[in-house]
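Protein chains in written order, with this note's numbering: chain A, 1 to 945; chain B, 1001 to 1218.
The set of hints was computed from the structure by calculation and includes no laboratory data.
As the structure is a prediction and not an experimental result, all values here were calculated from the model.
Positions of the beta carbon are idealized from the N, C-alpha and C atoms, including for glycine.
There's no promise every hint is true.
[Said to hold, decoys possible] Facing chain A, from chain B, some residues (calculated, C-beta under 10 Å):
hint : residue
1    : Lys1112
2    : Pro1113
3    : Arg1121
4    : Val1132
5    : Asp1179
6    : Asn1183
7    : Ser1185
8    : Trp1186
9    : His1204
10   : Asp1206
[Unchecked claim] No more than 30 Å apart at the CA atoms, straight line, and that leaves these computed lysine-lysine pairs for DSBU-like:
hint : chain 1 : residue 1 : chain 2 : residue 2
11   : A       : Lys310    : A       : Lys121
12   : A       : Lys307    : A       : Lys116
13   : A       : Lys310    : A       : Lys511
14   : B       : Lys1197   : A       : Lys59
15   : A       : Lys696    : A       : Lys680
16   : B       : Lys1075   : A       : Lys116
17   : A       : Lys489    : B       : Lys1197
18   : A       : Lys59     : A       : Lys312
19   : B       : Lys1112   : A       : Lys59
20   : A       : Lys310    : A       : Lys116
21   : A       : Lys511    : A       : Lys680
22   : A       : Lys312    : A       : Lys300
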Amino acid sequence: MSQVKQHPPASPSALNRRAALKLLGSGLALTLSSCGRPHEEIVPYVEMPEGLVPGVPMKFATTLALAGYGRGALAISVDGRPIKIEGNPRHPASLGATDVFAEAEIMSLYDPDRAKAPRTKDDVVTWDAFAQALFAQMQQEKARHGAGLRIVTGRITSPTLLRQINALLTQYPEARWYSYEPISDDAAFDGSMLAYGRRLAALPRLADAAVVLSLDADPLGAGPRQIADARAFSQRRTRQAQPFLRLYTVEPEWTLTGANSDHRLALHPDLIRNFALAVTAQMQGENAPDLPDPVAHFAKICADDLKANKSKALVLVGRRQPPELHALGHWLNAQLNAPVDFIAPADGNPLGDAQALQTLSRDLDDGRVETLAIVGANPVYDTPADLGLAHKIGKVAFSVHLGLHENETADQCSWRLPMSHTLESWSDLRAFDGTASIVQPLILPLYDSRQAHDLLGLMAGTIAPSAYDLVRQTWQAQRSGGDFDTWWKQTLHDGVVANSAAARVATGAPKRPDVKPAQAARGLSLLLGADPSVWDGRFANNAWLQECPHPFTKEVWGHGIYLSPGDARRLNIADRETIEVWHDSASLRAPARVREGQADGVIAVELGYGRTRAGAIGNGIGVNAYPLRTTASPWLISDVSLRGTGEIRNVPLLQHNFDLEGDGKDLYPVLTLAELAQGKQPPDHDYENRPTLYAKVNYDSYAWAMVIDTSLCIGCNACVVACQAENNVPVIGPEEVAMGRDMHWLRVDRYVPDPERPPGFQPVPCMHCEQAPCEPVCPVAASVHDGEGLNAQVYNRCIGTRFCQSNCPYKVRRFNWFGYADGQEYADLGADSVRASHNPDVTVRGRGVMEKCTYCIQRINRARHHAEIVDQPIPDGAVVTACQAACPTRAITFGNRNSKASAITALRREPHHYALLGHLGTRPRTTYLARLRNPNPAMQEKAQA
Amino acid sequence: MPQLFSPVANTIARVVLIATLVVPFLALGAGYALMRSEYITGRSITTEQPVPFSHAHHVGQDGIDCRYCHTSVEKAAFAGIPPTHTCMTCHSQLFTNVAMLAPIRQSLAEHKPIHWNRVYRLPDYVYFDHSVHVNNGIGCSTCHGEVQTMPLIRQAVPLTMHWCLDCHRDPTRYLRPKDQIFNMSWSPPPDQAERGKRLLIEYHIDTEHLTDCSRCHR
C-alpha cells in the first residue's frame, strides 16, 4: 500500500531572500532552456480492431451490481479504456439514468489499491499454484462428500453463477452455500412469509399511486431500486401530473424520501408500529392505541387520505421495521387495493441473511468447516459482532478469499485471490424485478485477476469453460429454436434479456398479523443505516464516493452520529463535539451532528466506515458501527450509553460552513399546488424583463440553456459524481475540504427545513450568466463569453488571480490550489491506473488555474462537429450533459433556448420558472423551476409535531 | 580640479541613452521574431522516423489516396496512423526483404506497434478535429503542404494560434470544392475570393463564431 501523500503546507515557508533569488535564477534558466519542442510519439495498432475509430467514444451495454441486483449501464469506452458509465434506457433498473455507485464504478476499476496477484499469507503465487492446492483440497472434500466445504457470497442473482453453485452442491451434497447482505431485506421477506406464507418480493408501482404513506421506507434513497422508484415518483410530481402524488413519511431520521415528502413526521422507530396501528384502526373504525396528540392527528389524516384514494393508495414499510409491520403493510395494501405486484425473489437464498450467517457461525464453532471459499464478500468486517466471525474465519485450515481488494477478510484467509472488476468480466445478473441482463467486459483484466465463475469452475475440478462460454451455455439452454447467435448479439447490444422479468405472482388475500403496540424505549436507542456514499462499506476505497457529500449534512470523508436537538440539549452535547457511544463492550467515537427533524430518543449512524484494510483512500475514515450490531437486532440497538468528550473537531463539509440569513425563501422558493393555481409566482420569475444598464447581446445561433426542476430533484448526488467522472474533476482529500476548498463543478445545495417548509435540494452548476460578473474582473480575459452564451474558462490564459471566484455570486468557480490532478494528487490517486480514467476530450487542469462547469462543452462540440459534417443544425436533445444523463428523475433539461420547439423553451415558459438571484441582472442561462408541493389542507389545521 | 570624466564618457553616455530607447524595442522585436522562428514553431524541421516512410514515393509516385492510410480523417478528430497491417497489405508482396522495412516486419511478427515520431504537435489544451475541416472545404495540403514532394514528412505551417485564427477569421481564401479536398496539388484559382464566398454559403460556415475560444479550447 502506498503512503498517503500530504500536500505541502499552505503557510509561507522559511525561504530567505538569498534562497529565493537563487530559485528565481534557476527557474529562469530552466524556463529558457526548456523552450525546445517536447517529443511525442504516435503508436498505432499492429492490427486495428474492426469498427474502431481512434479517439471516438463507443458505448457498450453491460450490467453493474449493487447488493447483488443488476442495473443496466452503457459504458463509454475510448480507445479501449472505459471512462464513463451512463444508464441503459432499455433496462428497468436504469431507465437511462444512473446512481452514485454506478457512476463511481470507473474509479473502482482503476483503483490503485486493487488486489493485483494471488497471494498466500506470505508470498505472491501463481494461479496454477493455487489451482494445484485447491485440487488437492477438493479431493479430500470429495471423500467426505463436501462435508467440510462452505461457500460464502453476497446476494447472487446471476443465473449462471447460481447454476454453477447448484452444480457444485450436487457434486458435493454435504457442502453448504451461505449468502448474505449486510444491508439485509430479511424483514421484508419474513413479512411476506407472515402475510402470504411464502417468500415474495413486493414491487410497489409508485407511478400508479396518488397517495403514499412511507413507514421508514426509503424508495428514493440509495439502493438497487432507487432509479426505478425515483423515476416513477417523478412522473407523478410534475405540474402536469394528474393526480399529483401526495407523500406522507413517518421516519426516525432524515431519508431522501422524507425530504421529498409533503408531510413528514419524525417518530421513534418503536413508535412507528403504533402509528401503523393507529392508521389501521382509523381505516377500519377500530380503537386506536394511545398516541400523543399530534401523532394521532397525523395518523388520522393519513388514514383518511389513503382510504379516500383506494386503488391509488400505497403503504410502504422500510427494511429496518420488523416483519410484523411488513405483514401489516401488505394487509393494509390489500384493503386499499394498492398498486403493488409480487414476484418470487431473484436471489437463490432461501435461508435469509441472518440465518445464513448464524448457520455459518455454528459450522465454524463445531469445526465442521475444512474448506472455506468467500467470494466477493467481506464477513470479517461487515457481519454482526455477536457472531464473532472475525476470529473464527482465521482458524479454518484452507480458506480462500476472492475479492476486488485484499480486505479485512482476505487478511484472515490462507489464499487471497484478486477478483476481476465487473467491467472486466463476463457474467449475467438479474434486476430487482427479475429482468436478466448480460455483464459484458469493456477491457481485459488490468491485473492477474479472475472472476467468481472461474473460481467455481476450479472448485468443480473439471477443465472449466471460460466465463463467456458458461454464460452462453446458461442462455442457450433456456432457448429452444431460433438462431442463438443472432439472439445473443441482439441481447448484448440491448443490454437486456428480452421478456425475462419475473412473472407476477397471484398472492390471494394476506393474513392480518397480530401486531401489539410497543412501548417506547426509555433509554437512548442507536439506529443503523446504509450509507448514501459507501453503502455497506464496499465502496469505502472509492475516492469519488468518499468525496461525494452526504445529502443532508454535506459531510465528506466520514460521517457523524446524528442527534435530535432535544437530545443534544438534554445530554449537553454540542454540534461537532466528539462523542462516545457504547453498548455492552462495543463503542463508537465520532463527532455528534445535531439535526432538526431527527426523532427524540434515537441517535443514528451509518454503516460502512472505519475500514482498516480498504486501501489508501478508505482506511481509517469514519467509525465502524458493525461491532454494535447484533443478529437479533440488526438495525436498532436499545439502551446505548452516550458521553460527550468536550472536544470539538472540524468536520470536512461541502456546505453549511456558514448560514444564510433568511434568504432561503428567495433562493429556493416553494409553492403549493394551491398557490400555483392562484397565480403565485416565484420572486425571480420575471427576471428577464428587469430594467438593465447593460447592452443587450443578441445571440443569433444556438443559445444553450439549462432548466433544473427542483420539485423533481431528490438529492441523490448522481449528477455530482457523473460530472466528476465526465470532466476529470480531481479528488482533493479531507484536509483540503476542511480548509473550505472544493472542486466539484456541480454541487447540490440543501436548504434546511423550518417549521413552514420542508428541506429541499438545488443542484447548482455554473449559471453561464449572459452578464457574467466573473468576466469583467479577469485581468487576462481568461473568463470570456462565446457566441452561444457559454461562459468559457480559458485555462491556458488563467493566471490564478481568483478575482472571478470572488465576484461570482453563485460561487461555482473552483481553484486548483495545488496540482490536484497534476502532480500533487491526494493519497495514491496520481497512480498511472487512475490517469487511465481521464476523459481525453477534457483538459486535465494544472495548479493555479480556475475551473468550473462548462455545460459539457466537449459534448456540445461533438454534436456540433457531427451536425457540421452532415450539414444539419444540431437537433433538440442531441446534446445531453453528463448531469442530465445521470439524473434518475430527469430533473435537468438542457438545450437550445432559441429553438421554439425545444423542451427547454417549454420549461422556461412554466409559471413556476425562476432564475437564482435573478434580480442581480446576471441573466443566468441556468434557471430553475420552483419546488412544488401538494400538502393536505386538512393537515394545516393543526401544526406538525 | 582634474576632469572627473574622460572625453569618452560623453560617447558612452550618448550610446547608453540611445540604447535605453532602442534596446527594449529590439529585444521585443527579437523575442517576437524568435517566437515565430522555425526553431520555436518547428516549421520545416524534418523529423527522423523509425522507418523512413516517404510520402513523396507513396503519394507522389504511387498516387495512393490519403484515406487509404489515414482512415478516420473524415469521421473523427484524429486522422489515424495506419496499423502495421495496412503497411503489410502491399509490403507482404513488394520489397519483402528490404532492410529499410525490417521494423515493419518485426512489428507484425512480434505484435509490437511501431513508435512513430509526431510531427504535427498541438498543445494539449487545443482540440483540433480533422473531420470537421475536411468536410467543410479545407483540404489536406492547406495545412500539411505538398506532402507528395516530401521524402520525410515535415511541418509545413507554423501551427501558431495566430496562424489558426488567420483562417478562422476569413476561411474564404482556403475553401475548396468537395472533390478537391484530397488533391494535394490544389492551388487557389485566380477568382478564389469570389469562389470562396460562394463555398462559405454552400458549406454553411458561420464565420462570426469561428473565433470563439470554446471552438478549440475546452
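Among the hints numbered above, which are violated by the structure, and what are their numbers in rising order?
Per hint list: 5, 6, 7, 8, 11, 12, 14, 16, 17, 18, 20, 21 violated.
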